[in-house]
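Colleague: Here's the letter readout for the chains.
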Amino acid sequence: MNAWTSLFASLIAVIALVLVALFGVGAIGLDTLFGVVIPYIAIAVFVVGIIYRILEWAKVPVPFRIPTTCGQGKSLPWIKADNLESPYNTWGVIGRMALEVFLFRSLFRNTKAELREGPNVTYGSAKWLWLGGIAFHYAFLTIVLRHIRFFVEPIPSFVELLSSVDGFFQLLVPTVFLTDIALLAAATFLFLRRVFLPQLRYISLAADFFPLLLILGIAISGVLMRNVWKVDLLMVKQLAVGLFTLHPTVPAGISSIFYVHLFLVCVLLVYFPFSKLMHAGGVFLSPTRNTANVNRMERYVNPWNYPVKVHSYAEYEDDFREKMKEAGIPVDKE
Amino acid sequence: MYDAGKIIVGIVIFLGAVAFPFWYNAGKAATPTPPKLEVGTTEKQCVESTAYMKSSHMQLLDQWRDEVVRNGKRLYVSSTGKTYEMSLQNTCTKCHSKKEQFCDRCHNYVDAAPKCWDCHVPPPEKKQTARSTN
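Chains as they are written, first to last, in the numbering used here: chain A, 1 to 334; chain B, 1001 to 1134.
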């Protein structure tokens, strides 16, 4: 599919999903379907799907250690080895993985090649992708954690602390959360990057545009619900706590914008296990990251090695001893 | 399956994190019933409709604050045509006199932290408890 086709197909898909929720709740009044049935299905698909994908990956043997290294490996004692860039033990692997998972280190290495003056290619650091990515992920994490205030009763103190720090500047009423702005800005940046950079547009698929637009849809509907088309939070929390205590109740009269938000989140949950979003689990199962660079120090046995049938010389001699003797060939055993 | 030990530990951590709202609620015996409010008045009608007040009172109060403090206007004409004095202490808390049983119950339930009482004096709580025992 052409990049523009993918983009518009994704956009239409997200708009259609919004309309489905609006129509389903607003026009037909399927509150229970959108408020209880679909969320439960979405959570089940999310959990089972992710475990399934992880187990499928875990079934694949890794024939070699294939770490991608970018530092001095351990060799002679007087050469300083870099345990984080070329790990030589488990602690190195853990440290390297932590840097990757928490700080997106490999994105931080991103470089850009340019032909500036003349025939020589110039390489420069390019940190925008890293910045957009890390802002997006941490903002998303904070927002998910903040939502715990609707899910549980009483609210844990760390959630209250997080909300008060996030709303530190007390802009407007209700307070605008900084992570809401960060998420919207970062997701918009990541989206526009794919639209306007020709090389990126060329390799972008519907599977790249759809999750970005879906998450933007979730963020926009959430901000609208908080700051513009207000909903009754008491009823929203009643519905959410009902779901999580397995006593689902659907209070009548929650406005449709809430169901749009909830439905888009459900779609994201269902979509998650079958998409590129599984990089969340995949990063831990990447052999280029999670193996140590110790090929010369420790033997690595290919797990799919099977016992090879061999016929040794001693057995061969046992088979043909008499004939060998007759022919005058020397034998080891008489 | 290879590295079964590590995979299972990872899956258990994932399940624990995703199921947090389920086991946390189960441990606290939470119920989906929202808190009951005590208004502290016999008045039936607030400044605007109940649904509007429930979802948007903070925006109305913010608007009132701006009108009074910045524009010096003190009178609010509601959508029904009645005129009210824009004052938290003289209008709002005249009816909603039980801060703990009214404001705080909802605000604590959804962790909304209003800034009203940073400046304003909340209605006295002692009298309320004395009145409620009658």
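Hints may contain errors.
What the hints assert, rightly or not - Listing some non-contacts, in silico: residues in chain A with all C-beta distances to chain B over 10 Å: (1) Leu76; (2) Phe108; (3) Val121; (4) Leu224; (5) Phe284.
Stated by the list, open to error - Simulated restraints on C-beta separations: (6) Cys1106(B) <-> Ala27(A): 29 to 37 Å; (7) Ala1113(B) <-> Lys276(A): 33 to 41 Å; (8) Lys1054(B) <-> Ala27(A): 37 to 45 Å.
Quick caveat, the hints were computed from the structure, so don't treat them as lab data.
For each residue, glycine too, the CB sits at the ideal point set by N, CA and C.
Colleague: Grab the minimum beta-carbon distance between valine 121(A) and chain B and tell me whether it stays above 10 Å.
Modeller: Since the minimum Cβ distance to chain B is about 41 Å, valine 121(A) lies beyond 10 Å and the statement holds.
Colleague: In this structure, is the beta-carbon distance linking alanine 1113(B) and lysine 276(A) contained in 33 to 41 Å?
Modeller: holds (38 Å)
Colleague: If we take the beta carbon of phenylalanine 284(A), is the closest beta carbon in chain B still more than 10 Å away?
Modeller: Incorrect as stated: the minimum Cβ-Cβ distance to chain B is 6 Å, not above 10 Å.
Colleague: Does 29 to 37 Å hold as the CB distance between cysteine 1106(B) and alanine 27(A), or does it fail?
Modeller: holds (30 Å)
Colleague: Is it the case that leucine 76(A) keeps its Cβ farther than 10 Å from each residue Cβ in chain B?
Modeller: holds (31 Å)
Colleague: Beyond 10 Å from chain B, beta-carbon-wise, is phenylalanine 108(A)?
Modeller: Phenylalanine 108(A) is indeed farther than 10 Å from all Cβ atoms of chain B, at 25 Å.
Colleague: For the range 37 to 45 Å, tell me whether the beta carbons of lysine 1054(B) and alanine 27(A) fit it or not.
Modeller: violated (24 Å)
Colleague: Are all C-beta atoms of chain B more than 10 Å from that of leucine 224(A)?
Modeller: Given that every Cβ of chain B is farther than 10 Å from that of leucine 224(A), nearest at about 13 Å, it holds.
Hints 5, 8, counting from the list given before, are not met by this structure.
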